[in-house]
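Student: Start from the sequences and build out the full structure, keeping to the hints where you can.
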Amino acid sequence: MNIVVLVKQVPDSGAERTLSRADHTLDREDADLVLDEINERAAEEALSLKDTADAHVTVVSMGPESALEAVRKVLAMGADRGIHVCDDRLRGADVLTTAKVLAAAVRRVADVDLVLAGDATTDGQASAVPAVVADLLALPQVTHVRKLDVGAGRVRAERRTENGEATLDAPLPALVSVTEKINEPRYPSFKGIMAAKKKPVDTVDLDDLFPDADDAGFLVTRTRVVEAVARPARSAGTRITDDGSAGRQVAAYLIAHKLL
Amino acid sequence: MPDVLVLVDHDGHHVNKSTYELLAAARRLGDPAALVVGTPGTAARLGESLARHGATGVLAAESAEAAEFLLTPAVDALELAVRETAASAVLVSATTDGREVAARLAARLDAGLLIDAVDLDASGVVTQIVFGGSYTVRSQVTHGIPVITVRPGSFEPAEHPGTAVERTLTLPAVDPAASARVTDRRAAPAGDRPGLTEAAVVVSGGRGVAGAEGFEVVEELADAMGGAVGASRAAVDAGYYPHQFQVGQTGASVSPRLYVALGISGAIQHLAGMQTSKTIVAVNKDPEAPILDLADYAVVGDLFAVAPQLTREVAARRAVG
Ligand SMILES: Cc1cc2nc3c(=O)[nH]c(=O)nc-3n(C[C@H](O)[C@H](O)[C@H](O)COP(=O)(O)OP(=O)(O)OC[C@H]3O[C@@H](n4cnc5c(N)ncnc54)[C@H](O)[C@@H]3O)c2cc1C
Ligand SMILES: Nc1ncnc2c1ncn2[C@@H]1O[C@H](COP(=O)(O)O)[C@@H](O)[C@H]1O
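Protein chains in written order, with the UniProt record's numbering: chain A, 1 to 260; chain B, 1 to 321.
Think of the hints as simulated: they come from the structure by calculation, not from any bench. Check the hints yourself; a few may be wrong.
One side of the interface only, derived from the structure: several residues of chain B facing chain A at Cβ under 10 angstroms [said to hold, decoys possible]: (1) Leu70; (2) Asp97; (3) Val101; (4) Ala102; (5) Gln140; (6) Val165; (7) Arg181; (8) Pro287; (9) Leu292.
Under the rule of at most 20 angstroms between Cα atoms (straight-line distance), these lysine to any residue pairs were calculated in the SDA-like manner [stated by the list, open to error]: (10) B/Lys278 x A/Gly237; (11) A/Lys147 x B/Ala187; (12) A/Lys258 x B/Arg312; (13) B/Lys278 x A/Thr238; (14) A/Lys147 x B/Thr96; (15) A/Lys197 x A/Ser66; (16) A/Lys147 x B/Ala188; (17) B/Lys285 x A/Gly237; (18) B/Lys278 x A/Pro232; (19) A/Lys147 x B/Thr183; (20) A/Lys258 x B/Arg83; (21) A/Lys258 x B/Thr279; (22) A/Lys147 x B/Val182; (23) A/Lys181 x B/His243; (24) A/Lys147 x B/His243; (25) A/Lys181 x B/Pro242; (26) B/Lys278 x A/Ile255; (27) A/Lys181 x B/Thr279.
Pairwise CB distance ranges, derived in the manner of DEER restraints [claimed, not checked]: (28) A/Ala53 x B/Lys17: 40 to 48 angstroms; (29) A/Ala236 x B/Thr183: 50 to 58 angstroms; (30) B/Pro2 x A/Arg89: 32 to 40 angstroms; (31) B/His160 x A/Glu227: 28 to 36 angstroms; (32) A/Arg89 x B/Thr183: 39 to 47 angstroms; (33) A/Arg108 x B/Arg167: 42 to 50 angstroms; (34) A/Ile240 x B/Gly226: 19 to 27 angstroms; (35) B/Ala158 x A/Pro211: 51 to 59 angstroms; (36) A/Gly151 x B/Lys17: 36 to 44 angstroms.
All values reported here derive from a predicted model rather than from experimental measurement. The beta carbon of each residue, even a glycine, is placed where N, CA and C say it ideally should be.
Tutor: Here it is as structure tokens:
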């Protein structure tokens, strides 16, 4: 079975994020960059399939040079090879372009059975790239999955959204995106980290992926930020320490502010 | 005036409130045409209430298969509707399904996608709140027609009675090799509480609630205030409360009039989902907990003492009227 995992490197979501003044894109200069947590879970799902069946796992990431670290981390977890799409012209790529590039990278892998992704990135939060990749590759979209079962040429999955749950069934090849609740990802072992250094990673650019495209026709984004304003940070209000009457004091505060 | 296409969110019998919000938003851009994708007969059931909320056209894209496959019938229907009506923009609710449908549509149209709009003006410039409430951004589409997802709760639904012209669209057959079949659906139990993203008051519990039984304290306060219950990821992951109530970066984004955080430390990923609330009250026994520094009213104390007392106060006040 051939599995492709799509992973993204993102600024650590525990840190403050800023927009660059020049072009309103995410400022990556000072941010700590990490493999997106949900992507570790997508990788885990691929690797646990590999633990029980004959599977070859390719990890694909689009991003600047630093994204190679995210690829290496998944290789250290146990994936077999990597494709790193790295091209300055992709800076500021929108959901559509990102998905087009990822779809083109997936097409470089022969006979793909399963494409795995996270269901949301912590930086963009579009929660839409996997659905578009499915559209472009004409694969069934099996997204927001918290339980996955692959076998006999099909996927069965539990999709969870704010409306409840749905059981999905689709033939392979298929695209699956996973939620943060699907599993606990493994840690790369020391041996894995050493082995990852020798695993093959193809670095490709737009010319490799789209040899026939002319630069002029290639849109990086179809939207434009007109204005970006930092919202004022919240400041501390009243603080009390409970002396046995805090519940009553909160009630008085709420009444005074017409919230009760 | 060219049509602004609105994708109708429904359960087969009723139109979801978020659709009325979309119709209100759409009227800023043009004449709203409401697209109903469902099993045969659905549009006829929903047409009247759509017209009452400002739809000047109702497009019915119906087939027996429409509910059997995940999202692709809606994407196909929208694509068809855009081409047949020469729509000038498309609005979809920014729900999990809506985000995916809108993005696939934008890809097919090679059109600009604006996600999670909280406001929009007549020129098609939308306002978005990004990075968990740290920036307000205004953006517009530069290529193709705007495909916009609108955050539920951002617009007031308004009645705008009129008659809607009905039209049918013939959905293409679903390709089962390129679509996932929905073999079972289990709706989230509705319960008696308001929906998390719609509620005026949200009372959330965190790891400090220390167990599923502890959430009774959270629920009792929420019920006394007529609010919804939320939870931090730590509380959800520990199994204290179901996943659909998670608030934060990877859960729901809420913006109620009042947010009460009980036993929640205030990690940046939790704040991302609630810091645009109008008023925040926090109870935490650790004086160093970051949530206390951004709460409008912060209590250093044990939630198991403070919350029940507050519940009694609220109930007593409600009882007097
Ligand atoms: C990629 C990513 C996405 C994430 N997404 C989310 C998300 O969507 N939502 C989310 O919430 N988190 C999210 N997190 C997790 C987040 O970082 C925190 O781990 C989480 O919010 C902590 O939850 P908590 O405040 O309940 O628990 P803790 O941080 O453990 O805090 C518990 C608090 O309860 C207090 N307490 C204990 N007992 C009592 C008592 N009796 N009375 C009063 N106070 C008491 C303690 O002092 C403490 O401050 C995400 C993390 C990552 C990495
Ligand atoms: N630049 C990228 N490189 C690789 N995978 C990506 C990239 N952007 C998004 N993805 C995949 O799409 C998922 C959802 O992203 P998003 O739609 O941006 O929230 C991520 O978890 C990844 O699996």
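Student: Taking the hints in turn, state whether each one holds.
Tutor: Quick rundown of the hints versus the structure:
1. Leu70: Since chain A brings a Cβ to about 6 angstroms from B/Leu70, closer than 10 angstroms, the hint holds.
2. Asp97: At 7 angstroms from the nearest chain A Cβ, B/Asp97 passes the 10 angstroms test, so the hint holds.
3. Val101: Interface hint status for B/Val101: holds (8 angstroms vs cutoff 10 angstroms).
4. Ala102: Status holds, d = 7 angstroms.
5. Gln140: holds, 6 angstroms
6. Val165: violated, 30 angstroms
7. Arg181: holds, 5 angstroms
8. Pro287: Nearest chain A Cβ about 8 angstroms off; hint holds.
9. Leu292: holds, 6 angstroms
10. B/Lys278 x A/Gly237: Given pair B/Lys278, A/Gly237 holds - Cα atoms ~13 angstroms apart, limit 20 angstroms.
11. A/Lys147 x B/Ala187: With Cα atoms ~17 angstroms apart, A/Lys147 and B/Ala187 stay inside 20 angstroms; holds.
12. A/Lys258 x B/Arg312: The given pair, whose Cα atoms are some 18 angstroms apart, holds under the 20 angstroms limit.
13. B/Lys278 x A/Thr238: Answer holds: B/Lys278 to A/Thr238 is near 15 angstroms, not above 20 angstroms.
14. A/Lys147 x B/Thr96: holds, 17 angstroms
15. A/Lys197 x A/Ser66: holds, 15 angstroms
16. A/Lys147 x B/Ala188: Answer holds: A/Lys147 to B/Ala188 is near 17 angstroms, not above 20 angstroms.
17. B/Lys285 x A/Gly237: holds, 17 angstroms
18. B/Lys278 x A/Pro232: holds, 13 angstroms
19. A/Lys147 x B/Thr183: Holds. A/Lys147 to B/Thr183 sits at ~15 angstroms (cutoff 20 angstroms).
20. A/Lys258 x B/Arg83: violated, 50 angstroms
21. A/Lys258 x B/Thr279: holds, 11 angstroms
22. A/Lys147 x B/Val182: holds, 15 angstroms
23. A/Lys181 x B/His243: Answer holds: A/Lys181 to B/His243 is near 9 angstroms, not above 20 angstroms.
24. A/Lys147 x B/His243: holds, 14 angstroms
25. A/Lys181 x B/Pro242: OK: A/Lys181 and B/Pro242 at ~11 angstroms, within 20 angstroms.
26. B/Lys278 x A/Ile255: Given pair B/Lys278, A/Ile255 holds - Cα atoms ~15 angstroms apart, limit 20 angstroms.
27. A/Lys181 x B/Thr279: violated, 30 angstroms
28. A/Ala53 x B/Lys17: 40 to 48 angstroms: holds, 46 angstroms
29. A/Ala236 x B/Thr183: 50 to 58 angstroms: holds, 51 angstroms
30. B/Pro2 x A/Arg89: 32 to 40 angstroms: 34 angstroms Cβ-Cβ, so the 32 to 40 angstroms window holds.
31. B/His160 x A/Glu227: 28 to 36 angstroms: Between B/His160 and A/Glu227, where Cβ atoms are some 30 angstroms apart, the hint holds.
32. A/Arg89 x B/Thr183: 39 to 47 angstroms: About 43 angstroms separates the Cβ atoms of A/Arg89 and B/Thr183, which means 39 to 47 angstroms holds.
33. A/Arg108 x B/Arg167: 42 to 50 angstroms: holds, 43 angstroms
34. A/Ile240 x B/Gly226: 19 to 27 angstroms: holds, 25 angstroms
35. B/Ala158 x A/Pro211: 51 to 59 angstroms: holds, 52 angstroms
36. A/Gly151 x B/Lys17: 36 to 44 angstroms: Given a distance of about 41 angstroms, which is inside 36 to 44 angstroms, the answer is holds.
Checked against the numbered hints above, the structure violates hints 6, 20 and 27; every other hint is satisfied.
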